[in-house]
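Single-letter residue listing:
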Amino acid sequence: MNTPLPSAPATAPEAWAIHVDHVGKTFTLDGGKELKAIDNVDIKIGQGEFVALLGPSGCGKSTILRLVAALEDVSTGRVTVEGSDPTALSRAHRLGVAFQDHALLPWLTIRDNIALPYKVAGRPVDDKRIAELLALVGLSGFEKARPRQLSGGMRQRVSIARALVLQPEVLLLDEPFGALDAVTRRHMNVELQRIWSEQRITTLLVTHSVEEALFLADRVIVMSGRPGRVIKEIQVPFARPRSPDVQRTTEFHHLADELTLALEPEGHH
Amino acid sequence: MKMTAERWQSLTLGIVGIALFLAAWEAIGVNRLAGLTWPPLSAVFQFMFDPTKAQLFTRAMEASFSMVILGYVTGSLVGIALAGLVHVLPIVRPGMDRLASVIHAIPAIALAPLFIVLISREFTGMAIAALNVFFILYVSTTSGLNNSTTGHRDLFQVLGSNRTTRLLRLDLPAALPAVVSGMKYSVPAAFIGAILGEWFGSSRGLGLLMVSAMQNFQIPLLWSAVFIASTASLIVFGLMGLLEQFVYGRYK
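Each protein sequence line maps, in turn, to chains A and B.
Residues 114 to 382 (our numbering) are what the first sequence spells out, left to right.
Residues 485 to 736 (our numbering) are what the second sequence spells out, left to right.
For reference, chain B alone in the conformation it holds in the complex (with noise of 0.2 Å):
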């Protein structure tokens, strides 16, 4: 990728944002600013490195990305799949419009007891992610599966194409860049839901870390779990980002 005055530009002011933002943090949380509640952010990461708090955040990680990978994957699939089938059957598009608009609408906190009492503790963060995601990607896609140009579709016509060869050679690739960028929002839906799952009592993750913390006054391990919850998120969004950019390159 080239690198131009702009992109430099908007790089550098990015970076001085973020180390504006940390700087900030830093000093509000050694002034005691915002009382004992806001640590500064050396005092976070002193926490967080600490080697003997490896293994409790390493297994917090683990078991926090599992559920958040799982429920992305399933609501991906669910969603485009579903997506796809109203593309090809458009009769039961308005009931599945309106049936994902509903679902979207509960909202998730209303939803977890019940998948708790339906799925298992375990996997509630999981099932609230996939929602998350199902719901983005299904409207992402079937609008993207629908941004073929007229004259693309003439095209088509013209050459004698059956419906499944235009599905496939001009109706998914052209939905492709709305489908990547649906992706890409729904990584912080993902982590969303899979952490606010885990604060319905469950065992392991990133959630209960958040909770327990809460409830016990630790506020560094409150603010590491979130640290890391937060950083996660924002990394996978950046290489969507990057993935989309690259997308819309070329399907554009």
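Isolated chain A, as found in the complex (with noise of 0.2 Å):
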């Protein structure tokens, strides 16, 4: 699987996986006003590389997913992923997503709403596959409960079961357990560093906690609010795969701190 799509030949081939180049959004609302969202932003995400972006809520960091996944248009600049126009990502089914509000259909089992993206996908089903992936979060035997009787941190963890499910070549995660309480949240993002050390998908996720974003990404990415901009980014330096203790290190404290300091509103350096 994930053989990489042939770049384009003769232009100026795409290096970056996702491309954000230099763009801007702007909503018009419902008394005609425009709200400028995000203003000239520019972000490039390399093949295989684990991308936080780091912002208070309302800077426009969700916007920038939602660009990225098509889910929106772009005002100004443009967004490639893979070298070529989003949508073309999500159309050839190579795309997962994991939303803050957990999106599992409520009339399917949890073994058929892992199984959804290979249906809408028109492709048989793989059921080693989604068992695997049940194992792989800790959900083995709960194939045929609906996702009603499952607690919030166990319906993210479906839900981004099915993100991974069809092997995506891009993994967009919006807040996906901002919903959750610390313990939860803590525990969730253990599991999704193991989960990703062992896949290494190109993966961008959108978060307003320090710590999360520290703990799962390469690169942090932090943003200002109205209009969002970028103001900072940082490598994170912690070796793969990651232990929970890395957060108790000095260094980590040291990076969170500066990480606070540039999310404050004076934090602009």
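Worth double-checking, as some hints may not be accurate.
[Said to hold, decoys possible] Okay, the calculated bits of chain A under chain B, using three or more residues with CB under 8 Å as the criterion:
(1) 180-189
(2) 197-211
(3) 296-305
[Said to hold, decoys possible] Mimicking BS3-like on lysine-lysine, the simulated pairs with C-alpha atoms at most 27 Å apart in a straight line are:
(4) Lys157(A) x Lys345(A)
(5) Lys736(B) x Lys668(B)
(6) Lys257(A) x Lys736(B)
(7) Lys736(B) x Lys232(A)
(8) Lys149(A) x Lys345(A)
(9) Lys257(A) x Lys241(A)
Think of the hints as simulated: they come from the structure by calculation, not from any bench.
Beta carbons: idealized from backbone N, C-alpha and C, even for Gly.
Both chains are sitting in their own frames, so use the hints and assemble them into the complex.
Spelled out as structure tokens, the structure:
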């Protein structure tokens, strides 16, 4: 699997898996007023890189994710994924997305929810793959349960399994653990880190948690709000696979402080 | 289904309410509080379960209920199918909405003579029932088909779904609770339509029994026909309510 798309011939081959190329996005509100959500944002994500987009709520970080997912159109600039228009990726069923709201279908069992991407893509359902993923997210034995019978954390794990089931080229995570309590969330991050270290898919994570971004990502991009702009970028030096202990090192705390400072309104350096 | 204290309470209160209603009916009838045209419940039952009347009622029920069922099924199918059509072809939606509203706004009484001329006396009840049911199901299905959440629609888009797949795997299942609610509320509408239709000179059915009993002052017969029609409608309504509960539990 995971064969890279044939790179565009002659014209400058796009080295980046995801390139948000000087993108602006303006929404027109009901009253006709215009709201600039993001302005001149330039983000490049390499193949197999895990990038976290960190920022306060309303800074436009989710808008960027929605642009990459082709759920919104850019107002200015250009988004390319694997060298082509982002719609190409979803149409080819090579995009995995986990939303803050798990978006599981309440009338399907857990197994059928994870099988949904196969059905939508018109491919035969690979039950072995589903069983593997259920084991990976620690939910073996819950095949026949329905979403409402599961806890919030379990539902999010199902939604991540569903995002991974077709072995996507790009994984987009929009605060997938945002609605969970702190303890479950920390546990989920450890799980996600483990799962990701086994697969290494190009990933864009949107979060407002400094610790989550540092623990999971190779690179953290900090945004400021209204309109959303990139204000800081740091490489995360920790080797993979990362153990939860990483979060107790001095270096982790230093980086966390640095990011927290950048997030504060008067923290523009 | 688990019986909680609350469920028991509402069930008990319901039974007490029905018992009080029936007792009041009996008391008013026995004491002639509402005159001669209000018979005691016991007298109605006695008449209704009189073996010599069994054939009369069975034949009337067969005639009426078959019209109810025919009208209900036809109206449901047409309503759901047209709602599906305007969902897939949004351009015809405003026109179809208006047509459905206009048809619904015309009193069935005014349409009945037209149906008698157009179809036949026997099927007028079915046609009115079908019209009533059609409107309720058209409205509930069109609104139900838009019941999918933004999150689910986004999901289908990022999964690269085409329109047909989304219709079958998202829009239709998400519409099911609204459709089943519509099917519940159109049960009484189907009964009203069918029986009303029979008032206009049908040769069989509970509606005919009611009209002829009224004109011939056969009070127990009139009440029996009304009782049968109401009970049947309530039973089917209750069964649809159970189905609705199940569907809401699973699909919402």
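- Message: Please verify the coverage claim for the stretch 197-211 of chain A: does it have three or more residues whose C-beta sits within 8 Å of some C-beta in chain B?
- Response: holds (count 6)
- Message: Check the hint pairing Lys149(A) with Lys345(A) against an upper bound of 27 Å on the C-alpha distance.
- Response: Roughly 20 Å separates the two Cα atoms, so the pair holds.
- Is Lys736(B) within 27 Å of Lys232(A), Cα to Cα? Measuring from Cα to Cα gives roughly 21 Å; hence the hint holds.
- Message: Just to be careful, I want the Cα atoms of Lys257(A) and Lys736(B) compared with a cutoff of 27 Å; is the pair within it?
- Response: Holds, at about 18 Å.
- Task: Closer than 8 Å, Cβ to Cβ, for at least three residues: run that test on the stretch 296-305 of chain A against chain B and report holds or violated.
- Result: n = 0 at 8 Å, threshold three: violated.
- Are the Cα positions of Lys736(B) and Lys668(B) separated by 27 Å at most? OK: Lys736(B) and Lys668(B) at ~17 Å, within 27 Å.
- Under the criterion that the straight-line Cα-Cα distance not exceed 27 Å, is the pair Lys257(A), Lys241(A) satisfied? 15 Å, holds
- Taking 27 Å as the top limit, are the C-alpha atoms of Lys157(A) and Lys345(A) close enough? 14 Å, holds
- Stated coverage of the stretch 180-189 of chain A by chain B [criterion: 3+ residues, CB within 8 Å]: The restraint on the stretch 180-189 of chain A holds, since 3 of its residues have a Cβ under 8 Å from chain B and three suffice.
Consistency note: the structure conflicts with earlier hint 3 alone.
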